[in-house]
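Asks: Residue numbers (this note's numbering), protein chains in the order written: chain A, 1 to 289; chain B, 1 to 289.
There could be a bad hint or two in this list.
From the structure, some residues in chain A lie toward chain B, with a derived Cβ separation under 8 Å [to be verified]:
1. Leu17
2. Phe35
3. Ile45
4. Ser49
5. Ala133
The set of hints was computed from the structure by calculation and includes no laboratory data.
Ideal placement from N, C-alpha and C gives every residue a C-beta, glycine not left out.
There are 2 protein chains.
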Amino acid sequence: MKTSPDRVAQAALLAMLIELSSSPKPGNVDRGHDFEEIKFHHFLISAVSAYPVFKDAAQGSESTGTLIRRAVSSWKGWGLFQNTHFGSVALLVPLAVAAGKGGDLKDEVVRVLVETTAEDAVEFYAAFKIAGARVAEVEDLCLKDPASLNRVRSEGRTLLDLMHLSQGHDLVAREWSTGFERSFALSEILARRVAELGLNDGVVMTYLEALAQVPDSLVASKFGIEKAEETSMRAGSILGLEVQETLRLAEELDRKFVEDDINPGSTADLIGAALFIALVKGTILRSEE
Amino acid sequence: MKTSPDRVAQAALLAMLIELSSSPKPGNVDRGHDFEEIKFHHFLISAVSAYPVFKDAAQGSESTGTLIRRAVSSWKGWGLFQNTHFGSVALLVPLAVAAGKGGDLKDEVVRVLVETTAEDAVEFYAAFKIAGARVAEVEDLCLKDPASLNRVRSEGRTLLDLMHLSQGHDLVAREWSTGFERSFALSEILARRVAELGLNDGVVMTYLEALAQVPDSLVASKFGIEKAEETSMRAGSILGLEVQETLRLAEELDRKFVEDDINPGSTADLIGAALFIALVKGTILRSEE
Chain A
1 MKTSPDRVAQ
11 AALLAMLIEL
21 SSSPKPGNVD
31 RGHDFEEIKF
41 HHFLISAVSA
51 YPVFKDAAQG
61 SESTGTLIRR
71 AVSSWKGWGL
81 FQNTHFGSVA
91 LLVPLAVAAG
101 KGGDLKDEVV
111 RVLVETTAED
121 AVEFYAAFKI
131 AGARVAEVED
141 LCLKDPASLN
151 RVRSEGRTLL
161 DLMHLSQGHD
171 LVAREWSTGF
181 ERSFALSEIL
191 ARRVAELGLN
201 DGVVMTYLEA
211 LAQVPDSLVA
221 SKFGIEKAEE
231 TSMRAGSILG
241 LEVQETLRLA
251 EELDRKFVED
261 DINPGSTADL
271 IGAALFIALV
281 KGTILRSEE
Chain B
1 MKTSPDRVAQ
11 AALLAMLIEL
21 SSSPKPGNVD
31 RGHDFEEIKF
41 HHFLISAVSA
51 YPVFKDAAQG
61 SESTGTLIRR
71 AVSSWKGWGL
81 FQNTHFGSVA
91 LLVPLAVAAG
101 KGGDLKDEVV
111 RVLVETTAED
121 AVEFYAAFKI
131 AGARVAEVED
141 LCLKDPASLN
151 RVRSEGRTLL
161 DLMHLSQGHD
171 LVAREWSTGF
181 ERSFALSEIL
191 ARRVAELGLN
201 DGVVMTYLEA
211 LAQVPDSLVA
221 SKFGIEKAEE
231 TSMRAGSILG
241 LEVQETLRLA
251 EELDRKFVED
261 DINPGSTADL
271 IGAALFIALV
281 KGTILRSEE
């Protein structure tokens, strides 16, 4: 199914904004709290300012790496110089390119990833620097110093190659490496939960389930894999109850995670990707929720 | 100063989204609470889906009334059939047309309003019906029945003429009738408050000052002018203190207003217009707040 470029851009913005504002989402910025440095409105800016880039993505007018760099660069236009949506952008840009092509979204996104080049890798590196994303995330991509970039070029390593190298340590890279397998699976869980519980609570429950399922790589990059595994166990411990009880306990968990600086941001990025897929497929918000 | 169409559209979205998410904003949907029927994400949808219309507005490609009808119609594309941003759209569309022309924004918007025709009035009537906006707001515009529309056409009454008829009872109509005088004044207060207090608290303080200053017409249309005056007095009673104390009392006031179904939505619409002006002029979010 071919989705109009404006509709693709709107799906990308809504995915980011609905993910952002669903609450309580333990450890992440939501309607309940900001962080000291990064505020709710910073995420509004990084979503809204990238609209033209998502529209161009759906029109297939530029390469994936360039689109990612442009999306991240667009934030500066409204005074934002911090990293907010880098992981989201890295997931949503190839999905937006795929959605603009028509055809089966899952097949198309694999084609988009396979077609990336060494130039896309170089552009991705530039985007990384612009966004000021966590260096720990990039080490396995061999992108931490310009010299390795020259090697990327001379060896003709594509952006997908680099993502393969990092898939063991980074949830976003894993999505690239697996054709967005988990994002598509989460989008189906999401559609069911939203049908049962409405949009906000459906998103929150899907987030908790995703966090319980796989340790978050942003938490792991900050505190190590044991802490990330413990975080997932704690999310899992409030599942399997009455939904209202889970949501109440999620508020407590949120307070504890924020106290301990535990921020499962990669899981939030995956929820954004799952929301985009569900919005484009029309499995949520087709009629009113 | 001429602002690019994409930047105008982004300013319109950011104005709506920043207004929406600034908290506590007594009586209105904010990060602290939804209403039973209208949720936070409904406002995300009505902002995001109108992007192409705001962009077209800045390109001057269609008449003001048609743009307002199209903006309101765009919400349905994402399953939204309730009124969220009708007042905002009625203010932001002429401002977006003006911002796209270059020149002084205040002079340009007056020109945009003066150039409206009877066809704009007819389109506005259609937008009203699509959005399901409160009928009480429209009575003075003579727009409650189709017969009066025929009269609008035959008498050549413009949309601005109809706004003049309603200016005593509706804050949005008053802005049209006065060349957005209050929106521009509020945008200056807003820029100062944001510079002092940061974005969220600056918006909240400007909202409280605006509400204290002039009774809200949505509250008046629901409960009468006395209640609207009392609402303004209550907002005024928490001003003039330490800012942190005002913000704490604003949370209490919010709970009371929500209990009593007091929703100063027209004042929120004006804050959206003030945010748009400040964003386009670069008096907020030029560098980071």
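Asks: Now, for every hint given, state plainly whether the structure supports it.
Replies: Hints versus structure:
no. : hint   : verdict
1   : Leu17  : holds, 5 Å
2   : Phe35  : violated, 13 Å
3   : Ile45  : holds, 7 Å
4   : Ser49  : holds, 6 Å
5   : Ala133 : violated, 18 Å
Of the numbered hints given earlier, the model fails hints 2, 5; all others are met.
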